[in-house]
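Participant: Assemble the dimeric complex from its two separately framed chains, guided by the hints.
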Amino acid sequence: MTSESSSEDNSFVRVRNLTKSFGSLLVLDDISFDVRKGEFLCIVGPTGCGKTTFLNCLTKLFPISSGEILIDGEPIDLRKQNISYIFQENSTMPWLTVEENIRFGLEIKKVPKSIADQKVKQMLDLVNLWNFASYYPKQLSMSMLQKVGIARAFATQPSLLLMDEPYSQLDLNLRCKLEDELIALWQQEKTTVIFITHNIEEAVYLSERILVLTNKPTKIKREITNHLSRPRKISDPAFVDLRNEVTSLIKWW
Amino acid sequence: MESKENIAIHCENISKEFATKGKKIRVIDNLTLNIYDNEFVVLYGPGQCGKTTIINILSGLESPSTGEVYQKNEKVMGPGPQRAVVYQSISLFPWLTVMGNVEFGLRAAGIETSKRRQRAQELIDLVGLHGFENAFPNSLSGGMQQRVGIARAYCIAPSILFMDEPFGALDAQTRYMMEQEIIRINSKEKRTILFVTNNIEEAIYLADRIIVLNNCPTSIKKEYKVEWGKPRDYTDKKFLDLREEITSIVDETP
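For the protein sequence lines, the chains are D and L, in the order given.
Under the numbering used here, the first sequence has 41 at position 41, and the numbering climbs by one with no breaks.
Under the numbering used here, the second sequence has 1104 at position 104, and the numbering climbs by one with no breaks.
Note that these hints are calculated values from the structure, not bench results.
The reader is advised that the hints may include incorrect statements.
Here are the simulated EDC-like cross-link-like pairs (lysine to aspartate or glutamate), alpha carbons at most 20 Å apart as the crow flies [stated by the list, open to error]:
#, chain 1, residue 1, chain 2, residue 2
1, L, Lys1190, L, Asp1208
2, L, Lys1237, D, Asp77
3, D, Lys216, L, Asp1171
4, L, Lys1238, D, Asp236
5, D, Lys233, L, Asp1241
A short list of chain L residues far from chain D (calculated; beta carbon distances all over 12 Å) [to be verified]:
#, residue
6, Glu1005
7, Thr1032
8, Gly1110
9, Pro1137
10, Gln1180
11, Arg1191
12, Phe1239
13, Arg1243
Here the structure is a predicted model, which means the values were calculated and not measured.
Cβ coordinates follow ideal geometry from the N, Cα and C atoms, glycine included.
Isolated chain L, as found in the complex (with noise of 0.2 Å):
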């Protein structure tokens, strides 16, 4: 699975500056890192450590101070349809029904009404927002909204997905059944994806690889690629040894 014509993205060398009065600090430091295709990659680092800036500059959203990314041969510049983000602060367009909210991408890209209707209809079944299609996003819960970010960024069939923290701000148990349902969505619509999470829990239920972060400035400090099958037991005990291993490993944040 692993050969070259599988990298779905690759950054190599990429190294990321900010100047606060007159200081510069170094956020990522010369961070090289190959995603393959249909992985479901995770970062997982303590708060702060410049996992969103990683996920930025992967995106496109921000450029990084040396260094380059590629997805597939194409060297990214900027934001594309080929890369759609899921933020925690969910980010819906208040104005927007639901389906508006899911179909926003198409609609931008061009695409005629009935067609792009169908599309986002199947995401928004997909996601279980089925009957909800006309409300506004302010009459739905946390863990509704977010499956409205989740379909819209699904919708536009983008072929690597950035998630930062997407269920970051959900209690508890709403975060565990939406760590279930992205991977029954996921595995309905297969796409590359790239998770940030500070959850160690989270990190282990869903990843193919765990990349565990150094904190500021931001370099891989291990990786464990967990192969066992999904959906996963929280409580199993291959699950809370390797919890307990990766949490060892982890820096302190102060």
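One chain only, chain D, in its complex shape (with noise of 0.2 Å):
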């Protein structure tokens, strides 16, 4: 088997030739690469590039003007495949508890009780939100509801999550610490994940690759492999080199 047809054996996500206007404004344009099963990829691009566009794309949220979606070698369904999608904003449910919360995707999907049980305890632990399993979203800080998000969103094991900017708001250790949780949680899992991102320090923090897209209409302008070794060190020369060539790309400040 040539290394080509393998690489195409690993390709959970599949995107060819994605296009999208609204109206006359072309916003994706013919757009074409793969995600590998269990692989890290991180989205950059300037302000206003189309980056959440695609990811509405993705899930089905628009629909496609041109092009294909396929995921496991089928057309997206959102019934079939198991995907999950965690914001910027806070998306918890106001009238439901922290596990509540957590619970509610495995109660859509019907996963038996004793099941349920086990899995949203091994969330709490996760994300480290025990005490605050009674609490409603209300009473906790934006840290604790994006906590929250997560917890859910890994709970139903999906096979492919969707992150947009979900740190964003957030002040700079605090988002560290839930990058280190959420790395973690990616090497257990084996997650596929797809990380849009405006901040190409975290990008680079967190990627196994970069696909850096240009202005509208958007295109993909470099891909950059990761090779970086973790745990990984915003000061470590070679992290700097990475974070500079990217920006340099991106840069219109």
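Facilitator: Have a look at this one:
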């Protein structure tokens, strides 16, 4: 088997010639790429380049204008495929406690109670929210709410996790902590992650590969494999080099 | 530079308590602080540590429970035109154009139209909004709206400007741009600035002096003078080293 075909076998998400326009405004212009199973992919691009539109196409929140998105070889179908989406804003349900929020996806998927109990417990442990299990969202800080969202997403063991700037509202120390937690979860659960951010340092810290997008109409400007070993350090010269390289591809400010 | 005559604003032993449900909560504990003329001071601390309360007290919007605030030799008793504030929430008047917002303070002070228009136009040009004078806030992007907020604050020529996380709601890249802009604007119209942020990169990029705060009740943990020229490089080794050092001493929030 050639290396090319084996990499094809590994591709979990396959995007081909994805194009999206709103009326006469072309936002995504003929985008093609693959994501391997279990890969952590970051997508960065200049402000307003259509990163969120891209995720919304992937989840079928928006219909695409042309092209094809395949997940595990099949057209995307949210009832069949197990996809979780974590937004920038708090998306917890205010009438449910922390524990009930984490359980929510499991109930929808009709997971037997004994298994769900165990999964919820495991998630509360992982994000360190045991003491707050019976709290309601309005009693929690922004960072805790974001943890609840992450626990809820991971609880259903999604095969694909989409994250749209989940940490941009948090201060830097907390962001770093949650990023480390995310990496630990990802390594443990072997989830395929597509993570969108404006923050170049964050992309370099998290990713195995970075897709750099252009301004609208959006194309892929560069694909960069991130070989830095973990745990990563932001002051490491190789880290700084990669961060500066990505910045130079995007910089408009 | 740091002599008594050069103190722009000074507070001594200020404390602030709030009462909730019969319980008193001490938010600020015995804070003493001098800010010197033309200095760019950044207050840096974890979320919810009482930074905004300090700004509110120094600008005269709130009074301290104990202690006093002096601007030059005058006691601060309430808000005044010598002290302007830029907020994270921007707080533009949605029914006024860019020009209407920027000239608002001068209009309230009774300055005649042609004079205040001229001054407002200078500021609109300085913040890079030439051509948008007649636009309304809702047609502007977040970064542009904050430019209007900054122009409005500079327009009344306050001797001290307070900025309360003005770029906190902007995306990382727009934020870099605005940080660069505030350095440029302030080199053209030099003011004393007290800037609050919970972003350590922003603090080091902007500050002549960084005051690191303890978590609630707020007090000063440590001060750092940053004497490198501006603009600074976020990935410079000394920048990253200082960032690491300050990050390591800040209280963790739960």
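Participant: Against this structure, judge whether each hint is valid.
Facilitator: Against the structure, the hints come out as follows:
1. L/Lys1190 x L/Asp1208: holds (13 Å)
2. L/Lys1237 x D/Asp77: Distance ~48 Å between L/Lys1237 and D/Asp77 Cα, so the pair is violated.
3. D/Lys216 x L/Asp1171: holds (17 Å)
4. L/Lys1238 x D/Asp236: holds (12 Å)
5. D/Lys233 x L/Asp1241: holds (12 Å)
6. Glu1005: The claim holds: L/Glu1005 sits with its nearest Cβ about 37 Å from chain D, beyond 12 Å.
7. Thr1032: Per Cβ check, L/Thr1032 is outside 12 Å of chain D; nearest 26 Å; holds.
8. Gly1110: Its Cβ never comes within 12 Å of chain D, the nearest being 39 Å, so this holds.
9. Pro1137: Its Cβ never comes within 12 Å of chain D, the nearest being 18 Å, so this holds.
10. Gln1180: The claim breaks: L/Gln1180 does not keep its Cβ more than 12 Å from every Cβ of chain D (closest is about 7 Å).
11. Arg1191: About 23 Å separates L/Arg1191 from the closest Cβ of chain D, which puts it past 12 Å; holds.
12. Phe1239: Contrary to the label, L/Phe1239 does not stay out of reach of chain D, its closest Cβ about 9 Å off (not over 12 Å).
13. Arg1243: Incorrect as stated: the minimum Cβ-Cβ distance to chain D is 8 Å, not above 12 Å.
Checked against the numbered hints above, the structure violates hints 2, 10, 12, 13; every other hint is satisfied.
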